[in-house]
Amino acid sequence: MNQPVELQPDETFVLNVGPQHPATHGVLRVKMEMNGEYIVHAETVVGYIHRMHEKMGEVKPYPQFLMNLSRLDYLGAMGYSHCHALCVEKAAGIEVPKRAEYIRVLMVELNRVSSHLVWLGAFIMDLGGFTPLLYTFQAREHILDMMERITGARLTYCYIRFGGVSRDIDDQFIQSARDFMPYMRKELIKYHKLITGNIIFKKRMVGMGHISPEMCRKYGASSGVARGAGINFDVRRNEPYSVYPELEFEVPVYDGCDNMSRYMVRMEEIEQSLRIVEHALDQLPDGPVMPKKAPKIIKPPAGDYYQATETARGTFGVRLVSDGSQTPYRMKLRSPTYSNMHLFDEACRGLMIMDAMAMMGTLDLVIPEIDR
Amino acid sequence: MILTLTILLAVIIAIAWAAFNAAYLVLAERRGAGVIQRRPGPNINGPFGLLQPPLDGIKLMAKQLIIPAGADRFMYISAPVLVMCPAIMSFVALPYSDWLQAQNIDVGLLMVFAFASMGTMGTIFAGWSSHNKYSLMAAMRSVSQAVAYEIPMILTALTITLMAGTTNLNAIVAQQSENFFHWNIFPLFGETHNILMPFSFLIFFICSMAETNRAPFDLGEAEGELVAGFHIEYGSMGFGLFFMGEYANIVIGATLATIFFLGGWSCPFGLFPGVWWFLIKLYAIIFTIIWIRWTFPRTTIYGLLNLSWKILIPASLVNLLLTAGLMKVF
Amino acid sequence: MIREKLKQALEHLFPAGEAVPPAIVAEGEEPAEKTPREAVIETDYATCGYHLDIKTPPEQLIEVVSLIDQNDFFIESITGVDWIEEGEIEVVYDFSRYDFDLCRVVVRTRTDRDNAALPTITGVYAGANWHERETAEFFGINFIGHPHLVNLLLPEDSDIHPLRKDFKP
Amino acid sequence: MINYFREIFSGLWSLFVGMKVTFIEAFSPKVTVHYPYETLKMCDAYRGHIELIENEEGEPNCVCCMSCVRACPSGCISLTGEKPEGGKKKVLTSYHLDFTRCSLCSACVEACNFNAIEHSKEYNLASRNKEDFHFDLLARLRERNQ
Numbered sequence: 000m001n002q003p004v005e006l007q008p009d010e011t012f013v014l015n016v017g018p019q020h021p022a023t024h025g026v027l028r029v030k031m032e033m034n035g036e037y038i039v040h041a042e043t044v045v046g047y048i049h050r051m052h053e054k055m056g057e058v059k060p061y062p063q064f065l066m067n068l069s070r071l072d073y074l075g076a077m078g079y080s081h082c083h084a085l086c087v088e089k090a091a092g093i094e095v096p097k098r099a100e101y102i103r104v105l106m107v108e109l110n111r112v113s114s115h116l117v118w119l120g121a122f123i124m125d126l127g128g129f130t131p132l133l134y135t136f137q138a139r140e141h142i143l144d145m146m147e148r149i150t151g152a153r154l155t156y157c158y159i160r161f162g163g164v165s166r167d168i169d170d171q172f173i174q175s176a177r178d179f180m181p182y183m184r185k186e187l188i189k190y191h192k193l194i195t196g197n198i199i200f201k202k203r204m205v206g207m208g209h210i211s212p213e214m215c216r217k218y219g220a221s222s223g224v225a226r227g228a229g230i231n232f233d234v235r236r237n238e239p240y241s242v243y244p245e246l247e248f249e250v251p252v253y254d255g256c257d258n259m260s261r262y263m264v265r266m267e268e269i270e271q272s273l274r275i276v277e278h279a280l281d282q283l284p285d286g287p288v289m290p291k292k293a294p295k296i297i298k299p300p301a302g303d304y305y306q307a308t309e310t311a312r313g314t315f316g317v318r319l320v321s322d323g324s325q326t327p328y329r330m331k332l333r334s335p336t337y338s339n340m341h342l343f344d345e346a347c348r349g350l351m352i353m354d355a356m357a358m359m360g361t362l363d364l365v366i367p368e369i370d371r
Numbered sequence: 000m001i002l003t004l005t006i007l008l009a010v011i012i013a014i015a016w017a018a019f020n021a022a023y024l025v026l027a028e029r030r031g032a033g034v035i036q037r038r039p040g041p042n043i044n045g046p047f048g049l050l051q052p053p054l055d056g057i058k059l060m061a062k063q064l065i066i067p068a069g070a071d072r073f074m075y076i077s078a079p080v081l082v083m084c085p086a087i088m089s090f091v092a093l094p095y096s097d098w099l100q101a102q103n104i105d106v107g108l109l110m111v112f113a114f115a116s117m118g119t120m121g122t123i124f125a126g127w128s129s130h131n132k133y134s135l136m137a138a139m140r141s142v143s144q145a146v147a148y149e150i151p152m153i154l155t156a157l158t159i160t161l162m163a164g165t166t167n168l169n170a171i172v173a174q175q176s177e178n179f180f181h182w183n184i185f186p187l188f189g190e191t192h193n194i195l196m197p198f199s200f201l202i203f204f205i206c207s208m209a210e211t212n213r214a215p216f217d218l219g220e221a222e223g224e225l226v227a228g229f230h231i232e233y234g235s236m237g238f239g240l241f242f243m244g245e246y247a248n249i250v251i252g253a254t255l256a257t258i259f260f261l262g263g264w265s266c267p268f269g270l271f272p273g274v275w276w277f278l279i280k281l282y283a284i285i286f287t288i289i290w291i292r293w294t295f296p297r298t299t300i301y302g303l304l305n306l307s308w309k310i311l312i313p314a315s316l317v318n319l320l321l322t323a324g325l326m327k328v329f
Numbered sequence: 000m001i002r003e004k005l006k007q008a009l010e011h012l013f014p015a016g017e018a019v020p021p022a023i024v025a026e027g028e029e030p031a032e033k034t035p036r037e038a039v040i041e042t043d044y045a046t047c048g049y050h051l052d053i054k055t056p057p058e059q060l061i062e063v064v065s066l067i068d069q070n071d072f073f074i075e076s077i078t079g080v081d082w083i084e085e086g087e088i089e090v091v092y093d094f095s096r097y098d099f100d101l102c103r104v105v106v107r108t109r110t111d112r113d114n115a116a117l118p119t120i121t122g123v124y125a126g127a128n129w130h131e132r133e134t135a136e137f138f139g140i141n142f143i144g145h146p147h148l149v150n151l152l153l154p155e156d157s158d159i160h161p162l163r164k165d166f167k168p
Numbered sequence: 000m001i002n003y004f005r006e007i008f009s010g011l012w013s014l015f016v017g018m019k020v021t022f023i024e025a026f027s028p029k030v031t032v033h034y035p036y037e038t039l040k041m042c043d044a045y046r047g048h049i050e051l052i053e054n055e056e057g058e059p060n061c062v063c064c065m066s067c068v069r070a071c072p073s074g075c076i077s078l079t080g081e082k083p084e085g086g087k088k089k090v091l092t093s094y095h096l097d098f099t100r101c102s103l104c105s106a107c108v109e110a111c112n113f114n115a116i117e118h119s120k121e122y123n124l125a126s127r128n129k130e131d132f133h134f135d136l137l138a139r140l141r142e143r144n145q
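Chains as they are written, first to last, in numbering that gives the first Met the number 0: chain D, 0 to 371; chain Y, 0 to 329; chain B, 0 to 168; chain X, 0 to 145.
Misleading hints may appear alongside valid ones.
[Said to hold, decoys possible] Chain X stretches covered by chain D per the calculated footprint, using a threshold of three residues with CB under 8 Å from any CB of chain D:
id, segment
1, 12-24
2, 40-46
3, 115-129
[Unchecked claim] Negatives, chain D to chain Y, calculated, CB over 10 Å:
id, residue
4, Glu36
5, Glu42
6, Arg177
7, Asn197
8, Glu213
9, Pro244
10, Asp354
Don't read these hints as lab results, they were simulated from the structure.
From a predicted model like this one, the values you see are computed outputs, not experimental measurements.
Glycine is no exception: its CB is placed at the ideal position from the N, C-alpha and C atoms.
Based on the provided sequences and hints, a complete structural model is requested.
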């Protein structure tokens, strides 16, 4: 509906969005070549907080690398530790007690809810509405309090160990998690009233920021970006791991390919995560949370192992190349936002800057996770 | 001589009132945001945080005014003045009751609008002279926005002038003074019964929000994409003047809405008219504006222009036409 | 089954390399001495986490990747492994599928350590751009034909290759 | 034409629905804690920096087995111990924690088999001076006992 006028090659100018910019949620820089308010060409520059986690993985023994995984993504740290633990357990053949696996899934899903809540608030803040951020933080605070009581930290949990988890959950946690469900559902209705129905919001979301399924495939997008493009893909169900086959949940898919679809996918994911938590609480088996003989020294046999999981931001993968020693030979961390962000360069072409910023918000960026 | 002194005093009081309002509305906004977001807001400095605005002012004045390299110095320095001065000047013509007014001007309405549109000049000066692409884009947005919203706003004001037959703000209020049903927003009785007036009020309200760059129309300072918009390069009191100018403009917009539609200082029941009624109405409107700001996300620039050119301008034109027709008929 | 289909198509592509039986490396067993340059190996998903392991020479890389692209796979990641003892760098391409016909494909290709160069696959998968840039800066591989091969995560002016095993900070 | 008006009115209505939500929230109680004036108690599992645990005599439980030093991913613990004349067990002579590098991962506490270290509940740890984060835990223990 809005078409830029034809321009001469020397009529564009370059706008540096970032490295410090309110919409980039961290140190990310986008070099935008602009025609007035229209983006002609964008180049994303990442790497400002690159910490070389992969090299750290090569020089540290397996258990010492555990805590690095929490530092990848400060909002959904649990999912990343989970993936790493699953990969190493698969390689080293460590059995995980059923209860521990359930607790992991519980925590991962709660973490997913809290991560999506931050995304929601920050995304609306990109659009200029400040208040929803504080409402979502109120709800998130309940989750963080719950998880802090068990894991001992609010963001960098470092809770999952090879073979189990570091600490069992107690009745108080179960009770507070159960109490949280109806509260969160009520909050979700509030968000839908305040945000989803709003005409200004709808005008900015529906039909804006087109990302096609083909583009998703070429760039390897996952999570809400792919599911918002009508791709019915969720590692939790397509490639079941952990105890997800035993739990009931649906994968929300919208095929609008626009901002609204991606937004709705994430909103429904919150509901589905609540459902998983409820179900996992019902089915929670008794037993230990660490195997009887948890191995102190982990030496996976030589080989190449891969494990993918669905974290809050999409498909996270760990490739582990072992040479049979105590330290990995190579530890590749495939981060989901990396692929999702890569797509931005192509997808934002021809958009106005404010629509591009809205689209960037729907990609659910966490910069340390791109940079690793 | 005495007359001149009286006028001078009145003007000084008007300016003080404008500055006071601008400063304390910042506090009111922050406290209001706190209430909506279930947190206290600034409450440390003084009782209820009442010392916050003067302390903020001292802090801003104590800061160095940094002029970026490559900036047009003259325009850069004059821009905040150009934003704040017209806003304060408008206060001279605004009546608060039948006697409380700096100067009763027969073309008060015209004067207020003339000064209000001058504020855009300051915005574009700031955006252009800052030597920053963000601020330039913001300035361009502000101008297109001001052009788009001035038209429906003035058309609505024209409707009021048509009904009142005068541009004297006092006279406009005087016509609505009897009771609630004589106000222009619900003119069921009196000479001007016009069922379209609630829509006029809505148009005027939206336009005054857009004119003053208020959320959800704050595209000139959209922090999500343009960081801080036209005042991105301003620090210290230069920034403070922009800030105060914005709030002074809000007061002007709300004052005009009160005068045009809500009967100014007249009481809803025709009893004890006075300045307090005016202030109650004024601040009710201002708080609604604050409430709106902390509820909605920002519109897009084309959404904003579409709203103006496709909805508000046709609506206000139709409104003007029908009002003229109704006045002819009755 | 996409796995069978892809496997057949790939075996067609490598007429020289005979199909190798599924190589499930049992615990304690020594891995094969000399891995063939080109092979399609069906691996055990439960132990490794992927289904097909394709070894290809660099010359045939684009052909293999195009074939995978035609079968609607999405690119998951590209990375390298520095086999310093063999004097080679292995570049690993991961592909997977969006539908329920689960098939993870790993494409491996090797290049000389000292003069590492490989053809780019950005022409096939646009999303390989960043992955290749990352691999290039970490391992010092020249992706021939890459449109914009500058450092991505490392500082723009650095010329270190930190994931090489002989890297000393 | 009808759609034009319907869109305007449904849009306006949605704005009022949103305003109602914030209006209700405005009359709900505050949820924040006014930090420097009120503080919350840290929960039991909270992981602060590590602290030595003392036995009944006020001496540290540590037997200098060095397992915490080995377990630490960042190498931020350094300790020395010596065997006193005629004594059987090693006695801790110094225990330094470089908190600038600690990532609070709890590996050292889990590695300890002698119940010698625990996490403190301290979180007010901001300083402009790097030296403030080189903790001498043994000195802190003695200080606590006095």
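Tested hints:
no., hint, verdict
1, 12-24, "holds (count 8)"
2, 40-46, "holds (count 5)"
3, 115-129, "violated (count 1)"
4, Glu36, "violated, 6 Å"
5, Glu42, "holds, 16 Å"
6, Arg177, "holds, 24 Å"
7, Asn197, "violated, 6 Å"
8, Glu213, "holds, 27 Å"
9, Pro244, "holds, 40 Å"
10, Asp354, "violated, 7 Å"
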